Amino acid sequence: MNSLLIFAALITIAIAMVTWFGDGRERLWEAVFGPPDEGPVDFAALKPPATSHFFLAAPDEECPQTKPQMHAPVFAVDCARLRQEVIRIVRTEPLTERVGMDPDWLGDRFIQRTRWLRVPDLIQVRYIPLDTGHATLAIYSRCLIPEHGAGHNEERVKRWIAELEHSLSNAPHTA
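Number 167 in the working numbering belongs to position 167 of the sequence shown; there are no gaps in the numbering.
The hints are simulated quantities; they were obtained by calculation from the structure and are not laboratory data. One thing to keep in mind: the hints can contain errors.
Estimated spans, in silico, between C-beta atoms of each pair [claimed, not checked]: (1) D42 to G133: 19 to 29 Å; (2) A162 to L5: 54 to 64 Å; (3) L4 to D102: 52 to 62 Å; (4) G133 to D60: 18 to 28 Å; (5) Q69 to D42: 10 to 20 Å; (6) L4 to I87: 47 to 57 Å.
Remember, predicted model here, so these are calculated numbers, not experimental data. Backbone N, C-alpha and C fix where the C-beta goes; we use that ideal spot for every residue, glycine too.
Can you make the complete structure from the sequences, with help from the hints?
Below, the structure written as structure tokens:
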């Protein structure tokens, strides 16, 4: 009888581990905290969240109710080319997927999950046309789970912008 109980317990643990290390972690976060994609952010109405686990890079005038932690650079490309380069960079990021694309709003939404626990972070990018051949962007990265991973939103946004500056500095300038 004890052997049967031990065997049943081991099978139960094995099934739980397969579920957890499969896609169970993603389902767990969604069951507890809801779906990670919250839809597009209205940057003009964006107010600082109660938690400090977010990072915003944008032109000041894009977010009048929230002071960005970083001023976004101006790129010598149009919005379509800027978006194309952001998508290229995101594809190199582990555990990151695009969950929303808003062609009229000129924005994309991404979910990036942590390696072990698969905790979702939401990253929203808005592409902002300036004059002919120039664009900038707003990137809002935040943890959806309170008190998770201080500092990684800032690191991610700064890394993406640095990669954009590097890759687009070699881009042909449009007229």
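So, going through the hints one by one against the coordinates:
no. : hint                    : verdict
1   : D42 to G133: 19 to 29 Å : holds (27 Å)
2   : A162 to L5: 54 to 64 Å  : holds (56 Å)
3   : L4 to D102: 52 to 62 Å  : holds (56 Å)
4   : G133 to D60: 18 to 28 Å : holds (22 Å)
5   : Q69 to D42: 10 to 20 Å  : holds (19 Å)
6   : L4 to I87: 47 to 57 Å   : holds (54 Å)
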